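Quick note on this note's numbering: the sequence shown kicks off at 145 and runs consecutively.
Keep in mind the hints are simulated off the structure, nothing from the lab.
Hints should not be assumed to be uniformly reliable.
[As the list claims (entries may be wrong)] Cross-link-like lysine to any residue pairs, in silico, SDA-like; alpha carbons within 20 Å at most:
no.	residue 1	residue 2
1	Lys359	Arg371
2	Lys311	Arg257
3	Lys290	Arg371
4	Lys327	Lys256
5	Lys256	Glu155
6	Lys290	Leu233
7	Lys256	Lys290
8	Lys290	Gly240
9	Lys327	Gly240
10	Lys290	Ser161
11	Lys256	Thr355
In this text the structure is predicted, and so the values were computed from the model without any measurement.
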Amino acid sequence: MNRAKGNGAVEALFDLSGRGALVTGGSRGIGKAIAQVLIQAGAEVAITGRSQQALDAAQEEFSASFGGGVHTLAVDHAEWERSAEWVALAEERLGGGGVDILVNNAVQYPAKRPLEEIDDRSWSHVQTLNLFAPMALAPAAAPAMKRKNWGRILNISSYWGVFGAEKRSAYITSKSGLIGLTKALAAELGPFGISVNAIAPGAIRTAMTETNWRKSENAHLPFPIGRWGEPEEIAGMALALLADTGNYITGQTIRIDGGASAI
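Based on the provided sequences and hints, a complete structural model is requested.
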């Protein structure tokens, strides 16, 4: 009996029933895994993506597994000036209660190029999707969070947002900027009961990184855990930050990189 009570208390910490969540880039990879744990925790979830086909496939999968709980929005977050429109649409799909949880996950991952080979258009596109869109979505979602004195914003940065590397200047600039934005928003929104954090994933096995992980999937990678991570291993930490377990955590960037940043 005591064990059952304990389990119930733990489950209550992760209970997101009645919360509405918007997960950008939620039709695949890390975003999809985060959407799944939010649904399992009881949240009503809206996911965005550019491909309606991918969104429909994710919705069908979630419906089969959980009996619903997900709404889809086919949008292009490169049109960041329309972010308020996207949030309003998500709020409508979620029943008008507002977006309580915002997960900025949509990403542009460019090919490796020397700095002098990156043209203005390519540079701008990476910054627009990886940094400007989260920067615009946050103030669009914040008013509803402020009214409830409760909210969560989670930015998916990258290992490369913390560490430098050659031929990745556009991507690194956008992801390190996202970490800076996380700290700034945490300071500004904390008094309103809104926590803002980031996760910096390392080598995670997704469709976006498929070429790289297929080349090395049978090799021991040069960091302590020595393997590629899975999207679900990011989603677990995301849930901890987004549920009441994260009430006293804000302005932080959590590195989930198999120990790569430890060496």
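Hint-by-hint comparison with the structure:
| no. | hint | verdict |
| --- | --- | --- |
| 1 | Lys359 / Arg371 | holds (12 Å) |
| 2 | Lys311 / Arg257 | holds (5 Å) |
| 3 | Lys290 / Arg371 | violated (41 Å) |
| 4 | Lys327 / Lys256 | violated (28 Å) |
| 5 | Lys256 / Glu155 | violated (43 Å) |
| 6 | Lys290 / Leu233 | holds (19 Å) |
| 7 | Lys256 / Lys290 | violated (40 Å) |
| 8 | Lys290 / Gly240 | holds (15 Å) |
| 9 | Lys327 / Gly240 | violated (29 Å) |
| 10 | Lys290 / Ser161 | holds (19 Å) |
| 11 | Lys256 / Thr355 | holds (13 Å) |
Of the hints listed earlier, those the structure fails to meet are numbers 3, 4, 5, 7 and 9, in rising order.
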